[in-house]
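4 protein chains.
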Amino acid sequence: MSDFIKSIEAELITWRRLFHQYPELGFMEYITTYRLGKELEKLGFTIHLGEEALDHDARLGIPNEADLNEHELLAKAEGVEASWLAKMSGGLTGLVATWDTGRPGDHVAFRFDIDALPITETKDTNHIPAKEGFLSTTEQTMHACGHDGHMTIGLGVATFIATHQSSLKGKFTLLFQPAEEGGRGAKAMTEKGWLDDVDYFYSGHIGIQSLPIGTVAATTEGFLASSKLNVTFTGVSSHAGMHPELGRNALLAAAVTATNLYAIPRHSDGITRINVGKMVAGSGRNIIPSDAYLEIETRGETRQVNDYMLAEATRIIKASADMYDVSYEITPVGITEEMVCSETLIPKITKACQSSDYVKEVLPIAKVSGSEDASFMMNRVQQHGGKATYMLFGTELKYPHHHPSFDFQENVLAVALDTFIKIIEGGSQNE
Amino acid sequence: MSDFIKSIEAELITWRRLFHQYPELGFMEYITTYRLGKELEKLGFTIHLGEEALDHDARLGIPNEADLNEHELLAKAEGVEASWLAKMSGGLTGLVATWDTGRPGDHVAFRFDIDALPITETKDTNHIPAKEGFLSTTEQTMHACGHDGHMTIGLGVATFIATHQSSLKGKFTLLFQPAEEGGRGAKAMTEKGWLDDVDYFYSGHIGIQSLPIGTVAATTEGFLASSKLNVTFTGVSSHAGMHPELGRNALLAAAVTATNLYAIPRHSDGITRINVGKMVAGSGRNIIPSDAYLEIETRGETRQVNDYMLAEATRIIKASADMYDVSYEITPVGITEEMVCSETLIPKITKACQSSDYVKEVLPIAKVSGSEDASFMMNRVQQHGGKATYMLFGTELKYPHHHPSFDFQENVLAVALDTFIKIIEGGSQNE
Amino acid sequence: MSDFIKSIEAELITWRRLFHQYPELGFMEYITTYRLGKELEKLGFTIHLGEEALDHDARLGIPNEADLNEHELLAKAEGVEASWLAKMSGGLTGLVATWDTGRPGDHVAFRFDIDALPITETKDTNHIPAKEGFLSTTEQTMHACGHDGHMTIGLGVATFIATHQSSLKGKFTLLFQPAEEGGRGAKAMTEKGWLDDVDYFYSGHIGIQSLPIGTVAATTEGFLASSKLNVTFTGVSSHAGMHPELGRNALLAAAVTATNLYAIPRHSDGITRINVGKMVAGSGRNIIPSDAYLEIETRGETRQVNDYMLAEATRIIKASADMYDVSYEITPVGITEEMVCSETLIPKITKACQSSDYVKEVLPIAKVSGSEDASFMMNRVQQHGGKATYMLFGTELKYPHHHPSFDFQENVLAVALDTFIKIIEGGSQNE
Amino acid sequence: MSDFIKSIEAELITWRRLFHQYPELGFMEYITTYRLGKELEKLGFTIHLGEEALDHDARLGIPNEADLNEHELLAKAEGVEASWLAKMSGGLTGLVATWDTGRPGDHVAFRFDIDALPITETKDTNHIPAKEGFLSTTEQTMHACGHDGHMTIGLGVATFIATHQSSLKGKFTLLFQPAEEGGRGAKAMTEKGWLDDVDYFYSGHIGIQSLPIGTVAATTEGFLASSKLNVTFTGVSSHAGMHPELGRNALLAAAVTATNLYAIPRHSDGITRINVGKMVAGSGRNIIPSDAYLEIETRGETRQVNDYMLAEATRIIKASADMYDVSYEITPVGITEEMVCSETLIPKITKACQSSDYVKEVLPIAKVSGSEDASFMMNRVQQHGGKATYMLFGTELKYPHHHPSFDFQENVLAVALDTFIKIIEGGSQNE
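Chains as they are written, first to last, in my numbering: chain A, 1 to 431; chain B, 432 to 862; chain C, 863 to 1293; chain D, 1294 to 1724.
It is worth saying that the hints were derived from the structure and are not from the lab.
Honestly, I wouldn't trust all of these hints.
What the hints assert, rightly or not - Which bits of chain C does chain D cover? Going by a derived footprint, with three or more residues having C-beta under 8 Å, they are:
| hint | stretch |
| --- | --- |
| 1 | 1093-1106 |
| 2 | 1111-1121 |
| 3 | 1126-1139 |
| 4 | 1178-1185 |
Glycine included, C-beta positions come from ideal geometry on N, C-alpha and C.
Same shape as in the complex, but just chain A (with noise of 0.2 Å):
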């Protein structure tokens, strides 16, 4: 079966290079998309677009209507279809596409994360993108996580179904899931019901950690749940010299939320994460400011945990504005769950494995940190009886993700894709 690898492999390339010149943020990977969508199309998948494919309103951190305005004028000028355009506008990205052999048998899903980053990519010219010319054409934004990879394999998964339906059972469903950073997307995908008669999930992610090529693993474990939010308190300036009295002092909330926002109790039932990473407040240095501004991110080692630092962080940035009197507006900007692998799956991975020419080693488990939103998927799928689990593909990481120098090792895009074609075929030939 390795000849179909060979066959597409140059392919694979092409694709990771083109997505990697064209990276686009979250909710505006209109190109994306497009290119991803009329590809399978090709293949004849089904493709599900828009409102088809997203909860409108349960996506979030949607950018402004500016950004989205211009980068939909932007897609256009780039050759994106109207009527694609029409079914994308205000953010409704990505895209999901579905097979169905027609014959009895599970019901498969795999994700792909397709969004780029606000980073600006090294020139270097030990980069290999620059070395090679495929360097992202957008300033300001990189696919710096590895996400042109993961659409790449996608892509190679659904020419692998297209081209072997024949011998195939049940139904596929690929998610190409827009806004993974910041766990923006796929709580929208899910509430759209896509998770909830699936037998398999499985997602994963190239790089991590830094493993030898050949290396999978077959479970993670170690995503905590969090959430993410926007604070902003508007107060009333004043001049400090004059009328100190009169202000109403945004800052002060601001710099109060913090400080107790870090003092929140630890948790006995798990792990705890509180940050504020950012914060702005004030015009200038003889005004009281009247106004405040923090980005601030909760964690917890269970979805219970983390509603419990939500809870508390509330109510926090609540008493903050009223101890100064101003107001306050918080937006959840974020949000995943924590994952549990279906251990069951390891050996099911780990036998599917042994047939194949690329993979050379299966980890039952890789330990992680962080978050992925790929948990709303995956627990969705759970809570209906199904099995899941978020894998990891190794490469060697010369720099970290997110990074202006990330890189992965191409041929990691092969032995991700016979993973996945190993696991079709073993789960269509053996269950």
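Please build the complex by placing chains B, C and D on the supplied structure of chain A, with the hints as guidance.
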């Protein structure tokens, strides 16, 4: 007229020393009120006691029931008549003594405060009360602010009025006010209406500044409006190691209150002050503290500025409670207003004192600080068109007020009494 | 061998009730130590007292001199011999009793803690000590944690060793440790070297969890490393109305400390805890507070993590003092380490207990929380290659430990004693 | 003498509008200084530039090198001679122009401030500079405080002196001071000794209060001593989820600084003010913030009181850095002193203005607030026995100072100029 002073001088000393031996805390001046009342009754004054003298609900910082009961029993044992005790029961101490000459003329009021302090008097033999044998008979209670002298002057004024009534005009009201310390009693007398038709109001203090005997200040300036609050926070205790998340931390609510109270903005309309003088919180090292207690004081150059401080403080206390999800209770335990002495009394007093053998020098104004609840009475008089002042009577002070070794020179009593007599005579004769 | 337990059962009850009637706080166990010592002397043990038993300077949280003196006089009055008192004077309580069989074999150590708590025992007649007439004879002191039982078990073990010495091998060290509460005494015994060549160390606790009589846990997990600190801040008082700028506010230093201590960042290497359990600051409402006192506790899943918490706390306390220009003093009053029981003892204990008529079930491990200073001894034993465990002995608990109504079922004494006897026998016979 | 005003009136308007079109920020007034200098040179004044005029190191809040370079290039392009630029290079802007009549008489100094503000001027056509076509030519820079008028008055005074020199006595020093905004330039001129032998010093402001044209205040009171500080905290960033304990949180150091700065105790010697006008901290939501920036201002009724505020603030900043284990840097960027106008100038000015056709009313004193660095010059003059005042020149103000629509009535220029001329004449003739 100095013959009168001479005739009463020994009695002044006797009275003062008797009062000094039986100090009583605010709203527990049962014995003191009784002794004053019996003396004034003997002189022919009409005596107003209990709810006749004080507005029951306008009192602040009333002692707890157990303390009141104990002191009422003590008063009974000391010989206070049951009918008097019945009227004073529950902390309705102090009295108002009135005299109407039946002749048209001004209504003149004098106010004397009668309460003592929770201080244990020194036994040092250099301390005159120790040397001369009239130390406080009660542990942890002492006339350390000169109110024993004030009452004595009051009895002197009463004696003068009674013995010279035939040559006087108008009406006289002598207010023997309880609970001056902490600003707890004056409002209750004022609310009863005693000051509503007063033309001239005189009060004052022995000492404050260390000045030579014979020096009198006709007016004072600098007393601030103030509010005194006790605050309790009540949360939920929890084992700090096992279940930190189950606690509701009253200590932190109190800590946040303290920090943020001091940060109340300065006010462009005048001086402000804030203090958290006491904090007691928590029970044990490994228990999330479920209770906290604070003693707070705000001050402002004017009532409005103090109202601002109080409103800010109240909001901060509430928000701190909300922040830590604990309940709170604010108990007002004292209040004073700012006072502005009537300038027109300066020449009046200066002139009246010219004929005194005891007053050596009249200062037009003395700078003071701190707070005085006579302010309620003065403001009421002035609001109704009357004139009011708060004077100082010079004495050397070896120790400051509220010190265990505080004492004053007893001949200040004659100076103060003669000042008030000359004012009475001046008023009756010249206007 | 149950004949031995039967023969000593009445004596166990007598001992336990005597100890219960004479509770003594940490480092003031003069009478307790004397009674233990005389009993052990009688049995033929070598007794090590005072500086022989404890490192003088490694003790933490020593009572003040006045309390020590008072309790030494009391002990003298109660019949403690002068020569014993001389050795224990100044809080050098507790003792180490050693027995060498002269035959090659393991060195086995047992540790029993002997101090009581500052709690007033309930007089409720449902409380067995009340009903049966062995209530604490001392107000505000009570064996409310079961150490009266621990000592009793210790005397039982000693009696067994003395009466069965001819059939035993190796050496025995019985540590009767003072001041376990607050983690104050174990380090001082450990520093003296008693554990340095111990092969097996056993300690344990009656209760902790409410378990049926006869249930024994071979090991425990979950005790955190901890540090206990008292902190005083000393500033300068000043009249809050007159000269706020002259004060140096110790209350605010304490408030800032409290808020910021809770904000010490979580640690990725393990659980952390922080608590400010008590704050007392200030003297009067209108005085800038010149003094403040805090009781603080840090915890960490490992010694390293707790060291991190302690280092952070120390820096924050110092900076808070600097911020308010006050001086500070940190007094360490307790310390515990984390403990990891030797897993290899689980089968050993389980097997040994199979022959017991008293032990019904051996749980391999029990989850606990809180902190235990036996950890110092265990870690020392393990560092030198020995094995160590901390066990639980089941009893029904109607009230939690440290409660005025705390009590345990007295037949747990026989269970615990037989457990230790079986371990001794197993050790002597099988290895 | 009004003939002189008439003769120069058109020129005043021309000058003012030119200056208005070319606003320059503090220490970057290269073009402004050059234009002033060329004009004054032409009139015959001796010009002192660069290090002759200013103490290099006493300047505060100097722009960064890049900005200085850019503006120097701009000035060159605008035609400023290289020899002038060389002297001013690096922010040594402003100049001192002197005139010695050669005749014995007073040394009279006038000070005019020349810098603009970082404000973008409104293009609203109701705004006279827009309607009449003399808007600022530079984005984000505007004469929104009237300094364009002040300089114009200065040129008027210079023209008067030059054209009337034969009838004048004594010496004249005109200080065209850079960087008044933020209190950055006056100290540097003062340190150079220009004021050391001045007998009379006059400065003043157009507007401040909205007063009718023709109204002049002879003196002002209420300017506070002040200090302006920028503070940066530098810590260590870390992933907030993975390694919170490795971060050194600069945002929290800044938050704690802010809260505690406002809590600096009030001072019994006079008014205090404190403000943190701006805070910017952190880089991303999930990163422990490693950097923070604060803009702070302290004020005090006297230099001593402001010194107290500054000392307290400095200690709090340092302690906050220590508390969060971050480094800090305090950059003083501005300073003013309190000023007390010489009362004896009130009658002098009042009398001088009686003969003016432009001055309608002389107010003896006007209440102001805020801060002014002319205070350094005035205090220096007064310390050496001279007299000094800071005046107001009435104009209607539709918008407050520092507002994008700020403007003044241009006929105030004639009023102010005639006031100074009358003072010069009065001084030369009458004393």
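So, going through the hints one by one against the coordinates:
no.: 1; hint: 1093-1106; in the structure: holds (count 3)
no.: 2; hint: 1111-1121; in the structure: holds (count 3)
no.: 3; hint: 1126-1139; in the structure: holds (count 5)
no.: 4; hint: 1178-1185; in the structure: holds (count 6)
The earlier numbered hints are all upheld by this structure, with none contradicted.
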